[in-house]
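Turn these sequences into a full structure, and let the hints steer you where they fit.
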Amino acid sequence: MRLLEIKDLQITFGGLDALSGLNFHIDKGEIVSVIGPNGAGKTTFFNAISGLVTPTDGDMFFEGESIVGLDPSTVTSLGIARTFQNVRLFPNMTILENVMVAQHCRTRQLLYGALFQTRAFKQEEREIRERAEEILGFFGHRLVGYRMDQPAFALSYANRRRLEIARAMATQPQLLLLDEPVAGMNPIETAELTALIGRLRSEWGFTIVMIEHDMKVVKDVSDRVVVLDHGVPIAQGSYDEVSNNPDVVEAYLGRPVEAR
Amino acid sequence: MSAHTISTNPVKRLISVDRFLTFIRIFLVTMIVVGFLAFIWQQIDADNPFARWRNPGARGLTGDQFKGLIVSGLSQGSMYGLIALGYSMVYGVLGFINFAHGEVFMVGAMTGFIASDKFQANGMWESNFLLCLALIIVMAIFFSTFTAVVMERVAYRPLRSSPRLIPLITSIGVSFFIQNFVLGLFGPATKSYPRLPEWLSKQRSIFTFEIAGTRLLVLAVAAVSMTALWYFVERTKTGKAMRAVAEDKEIAALMGIDVNRTIVTTFAVGGAMAGVGGILWGLMFRSVTHMTGFLPGVKAFTAAVVGGIGNLGGAMAGGISLGSAESIAPLIILEPLGVPGVSQLKDAVAFTVLVLVLLFRPSGLFGERLSSEDRA
Amino acid sequence: MSAAAALLPSSALHQDWRKVFRWGLICGGSLIALCLVGMPVELDRREIVERYLSLGYVSVLLVPICAGWVAATQIVLEGFESRKQGLYDLVTGLLVGVLGGGGLSLLMVALDSWNLRDPLVNWSPKLLRFLTYENGMGFGAGAWIITCGVLGLAGASLHVVPRVVRRVVAIVLMGLLALSVLESAVSDLSEGFRLEWLADLIYAKKGGLTLTSALVVGIVMAVVAALTDGRVKAVTNRYREMEGMERQKASIVLFAVVAVLCIVLPIFLGKIMNELLANVGIFLLLALGLNIVVGLAGLLDLGYVAFFAVGGYTTAVLTSPNSPWFAPELHFGVSLIFVVIFAAIVGLIIGAPVIRMRGDYLAIVTLGFGEIIRLLFMSDWLGPYFGGAQGITNVPGVDLGFATVKGTDPRSVFYLVLFFCVIAIYVSWRLQASRLGRAWMAIREDEQVAEAMGINTVSAKLMAFVVGAVLAAFSGAVLAAKVGSIFPTSFMILVSIIILVVVIVGGMGNIAGVLVGSVVLIGVLGGPKQPGLLQEFQNFKLLIYGILLVFMMLKRPEGLVPSARRSRELHQDEFLQDAWLKGDKLGIDDDEIETGHVEEESR
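Chains as they are written, first to last, in this note's numbering: chain Z, 28 to 287; chain W, 3 to 378; chain E, 40 to 642.
Hints listed in this document are in silico derivations from the structure and should not be mistaken for laboratory results. A hint or two may mislead.
[To be verified] Label-pair ranges, simulated between beta-carbon atoms:
#1 W:I26 - E:G68: 49 to 57 Å
#2 Z:G42 - E:I388: 37 to 45 Å
#3 E:Q487 - Z:A210: 41 to 49 Å
[What the hints assert, rightly or not] Facing chain E, a subset of chain Z residues (Cβ under 10 Å, in silico):
#4 V95
#5 G96
#6 P99
#7 R115
#8 L116
#9 R194
[To be verified] Just so you have them, the derived chain E footprint on chain Z, three or more residues with Cβ under 8 Å:
#10 117–123
#11 160–166
Even glycine gets a Cβ: it sits at the ideal position worked out from N, Cα and C.
This is the structure we're talking about:
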């Protein structure tokens with residue numbers, strides 16, 4: 028079943044095509060990697076899906092419904108969550124609060140419940156908290172215990188990336204968009220996170236689209252790889268297919284001398 | 003597809019707030035259009051049914067009255083423009099609203115009063131007016147610049163890397179402080195500028211426009227200052243440095259530009275313009291108090307937003323548009339709609355213009371020029 | 040100089056002369072400015088210690104102390120002191136003080152030789168008399184140079200003496216000042232408890248402490264301060280480090296004590312003090328509302344007074360028989376329902392257009408709205424409905440059946456406003472720890488990300504606007520009932536800004552902070568029109584509000600009573616440094632500190 032389908036997506040910034048004619052789809056339960064050289068439009072692609080940028084042309088369907096022109100918050104509540112390339116947490120909120128606040132679109136209580144401390148409100152608060160703890164627990168000992176009450180800015184770089192994934196998980200998405208999840212991590216942390224991404228699918232049932240530069244990670248987890256260059260998809264397929272595609276090699280390394 | 007910015011999507015779905023805003027927009031525009039049509043109708047026939055319903059005493063404006071409104075709008079607007087330059091420059095370079103800029107203007111007007119009062123006392127005001135004018139302008143420029151530079155050094159420089167709202171709140175405090183400091187020094191009494199000599203202030207007729215000499219002087223001085231500023235920013239090395247700092251402070255520093263000095267210069271130039279504006283204000287309205295800076299300050303900020311903040315030409319144009327709107331709109335839009343006592347609503351009109359511009363074109367009529375940090 | 044050189048080791052004379060002159064200049068300049076603004080002469084009327092010290096002299100004497108203290112402050116980088124503070128700093132302080140005194144002497148000479156009364160209203164013989172103690176120029180100049188030098192030295196020496204001494208000195212001085220400032224409150228209270236003799240013992244007839252009482256109280260305070268040194272800190276630390284339940288219990292006890300005080304105290308207070316408390320309450324209510332908008336949701340609303348006005352006018356129109364257009368003469372309680380409704384509607388109407396604007400535009404546009412609302416209430420256009428500049432008079436009090444809350448009985452007004460304040464505190468407290476409160480915090484931190492995490496920022500922000508609006512409108516309603524009439528001039532922009540100062544000085548985003556802020560500022564200095572304890576400050580209170588706002592933003596943006604979150608936000612570096620210094624106590628390991636800086640690009 029098609030979870031997300033994108034047709035002829037075009038995004039233009041001041042005359043420059045950031046993306047043009049992008050067709051893309053992902054089925055439930057897949058892990059797809061999007062790769063491409065810097066400036067290929069990968070993050071713009073994510074921004075378009077999550078509603079931060081509205082496309083100039085084209086259409087996007089999530090579970091058969093168009094999501095073009097929706098507010099980012101609506102997109103998230105439909106079931107698409109994302110992380111950011113340059114980790115953007117709520118730095119002065121505690122780790123627990125970061126994850127709790129992300130459940131906003133899955134919870135209901137407003138003024139009335141909070142002011143009169145209704146049973147429904149207390150119940151919901153408890154559930155939010157338990158769920159947050161459960162999600163944080165997924166990352167092992169790193170984000171739980173005394174750390175839950177620490178501000179997010181006190182975390183190490185790798186832990187911030189983990190917390191960002193936890194926050195995205197807390198919105199209870201079907202589709203998870205991970206923007207360079209292992210960037211800046213050392214090899215051990217990378218390996219660990221790679222395993223975790225696999226578990227995100229097997230244990231939590233997320234479908235994942237991932238932008239990544241680390242080819243080892245791409246190779247290890249993805250079912251399918253999409254290569255973007257200058258806003259145009261130049262290849263699609265399994266890792267092996269893509270990595271042997273001459274266009275892809277050219278996009279990354281340039282044209283071989285004799286062919287010029 | 004033509005070149006478009008990010009937010010131009012025709013299918014952006016509406017939520018209730020947007021619907022409400024659309025309603026406000028349509029309502030305001032309808033009111034303006036209806037008011038204007040009613041005005042035209044009452045110009046043609048003062049006793050038309052609409053006028054009988056809403057504005058029974060309507061007589062319509064004569065041509066001379068209308069010209070008078072335009073002239074007063076222009077001269078007042080050029081003063082707003084002079085103050086707005088300071089807002090715009092500081093916003094362009096530092097990215098925050100210097101709320102206290104109106105007080106810099108007030109300091110200029112106050113200096114002008116003290117100096118001209120002394121000149122009048124020793125008779126020089128009548129005998130050698132032009133020299134006095136030059137002197138009070140120089141003094142006002144000096145004290146306004148001084149105020150602006152000290153303000154930057156004491157209150158804003160330590161906050162340069164804080165979140166944007168912190169310097170804004172600080173500037174509110176600075177504004178409060180300067181107002182009340184001046185109140186303490188010079189007392190609460192309203193101070194009146196001496197009368198201009200008769201040869202200058204008499205009515206003149208130019209292109210069938212009856213203009214008081216004072217207003218002519220205001221327009222002339224404003225034009226000269228604006229030209230000087232334009233030359234300074236566009237043609238001199240310091241001006242170039244200023245524009246570079248506005249684009250990106252760090253890169254500018256790497257290119258060997260002294261960022262601190264450039265920022266001080268920005269404040270100084272803005273202060274000088276406000277000083278000139280203060281003198282013109284004093285000459286035109288002839289009264290100054292410690293509160294003189296508040297309303298013109300907020301209105302000048304409005305002018306800067308109307309013209310597109312960070313855009314110097316826009317600031318001047320915005321000032322003139324705001325001044326004109328303020329003087330004309332009450333009579334040609336509100337009065338035909340049957341609002342009594344429209345002259346009281348002048349200030350409300352100015353604020354409504356601000357809201358209108360931000361509702362329709364948040365980047366101003368002539369486009370913003372912001373530093374790269376703001377665009378992010 | 041040579042005699043000094045013989046006495047002092049040469050190292051003490053290798054001063055950083057630029058720094059000394061800069062601070063000397065600042066000290067002298069501020070002294071002159073202070074005199075020319077007229078503060079000393081006007082405050083001279085208020086005695087602190089009878090016949091020996093007036094508030095006027097205190098205001099002057101504080102300047103060299105502060106200048107000496109600041110000039111001798113050593114910048115400590117990374118916790119490493121470059122050198123031990125000692126004689127060198129004392130000399131710095133002394134020189135700064137002397138330069139400041141020199142400034143005053145120059146002013147005296149100028150006062151004596153020229154008459155600049157014309158533009159400078161405070162350029163008067165009175166000022167000269169104040170400065171020379173009516174003892175001639177030479178004496179005055181000498182006395183001021185020596186006094187300022189000594190005070191500068193004293194200021195600097197605060198760095199050198201042990202912490203205990205610093206604490207004792209600070210407590211004694213502040214305590215005496217506070218005792219004297221609180222004179223009317225204390226005598227009022229002692230009258231209420233039938234302890235008039237106590238007040239008579241402490242205070243002189245003409246106001247101010249008597250010398251003996253000042254000495255006795257000072258010594259008692261010094262002893263207490265010396266004995267309790269370190270304990271207070273230990274108690275607050277223990278409170279801070281308490282875990283959930285225990286802390287809650289402690290908070291409840293604290294709250295109960297405050298509540299009992301609030302209920303019992305007014306019974307023993309006289310009319311003036313109750314009036315003061317009622318004013319404090321009205322502004323506290325406003326500040327609590329603004330705290331939700333600014334402190335929690337991060338929306339800098341400068342037109343907050345608009346909602347205050349809506350509350351006041353709604354009540355006045357609905358309850359007063361003198362309402363010019365529509366006078367249903369409802370009961371206050373019934374009108375309150377409409378107050379809530381109208382405040383919410385106006386909150387939405389003002390909120391909707393500004394909600395998507397950048398933070399600074401929002402500030403100015405709301406300021407515009409605040410001003411528009413006042414201008415409209417004042418105009419001839421709406422005059423027939425709201426009474427124009429004459430306002431609406433004859434607003435009845437609140438008839439509770441067993442009692443009537445009216446302005447003539449400020450105690451009842453205080454209880455009324457207390458009731459609303461408790462509601463406001465409850466609302467802020469509950470919302471802070473709710474789904475909505477977390478959403479507000481997230482929006483304040485990074486709006487775009489908050490939106491991407493599924494928070495509908497528009498409706499969350501509107502909600503903040505509406506809650507704030509309703510609280511402000513309650514305050515307006517109480518004001519209408521208290522004053523008995525409503526005028527447009529009660530709703531100047533000034534009010535918004537004073538409330539902003541209260542919130543910021545107290546501590547943004549923190550209920551206790553806002554409480555302290557309004558009690559201290561409104562109670563001591565007074566509101567825009569309402570006098571505080573120091574009525575002599577009437578003419579200078581706005582000046583002081585301005586200085587306070589700038590000072591707080593520069594030196595302590597988290598306020599007097601910071602919320603933990605806010606101070607973390609403003610002092611991220613220090614937090615990380617502390618964590619590093621404390622090492623594993625906080626459990627942060629080194630590699631985490633290394634990369635602990637937060638990207639600023641999201642601001």
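Each hint, compared with the structure:
1. Taken as a hint, the range 49 to 57 Å holds for the pair W:I26 and E:G68, whose Cβ atoms sit roughly 50 Å apart.
2. At roughly 39 Å, the beta carbons of Z:G42 and E:I388 sit within the given window of 37 to 45 Å.
3. Separation of E:Q487 from Z:A210 is about 20 Å and departs from the stated range, judged on CB atoms against 41 to 49 Å.
4. Taking 10 Å as the C-beta contact cut-off toward chain E, the hint placing Z:V95 at the interface is violated, the least distance being around 17 Å.
5. For Z:G96, the interface hint is violated, the least distance from its beta-carbon to any beta-carbon of chain E being 15 Å, above 10 Å.
6. Here the hint on Z:P99 is kept, as its CB sits about 5 Å from the closest CB of chain E, short of 10 Å.
7. A cut of 10 Å between beta carbons decides the hint on Z:R115: the least distance to chain E is about 5 Å, and the hint holds.
8. Annotation: interface hint on Z:L116 holds; nearest CB of chain E at approximately 8 Å, less than 10 Å.
9. Here the hint on Z:R194 is kept, as its CB sits about 7 Å from the closest CB of chain E, short of 10 Å.
10. Against chain E, the stretch 117–123 of chain Z contributes 4 residues with a C-beta closer than 8 Å to a partner C-beta. That satisfies the three-residue criterion, and the hint holds.
11. For a cut-off of 8 Å, the count of residues in the stretch 160–166 of chain Z with a CB near a CB of chain E stands at 0, and the three-residue condition is violated.
Of the numbered hints stated above, those contradicted by the structure are hints 3, 4, 5 and 11, listed in ascending order.
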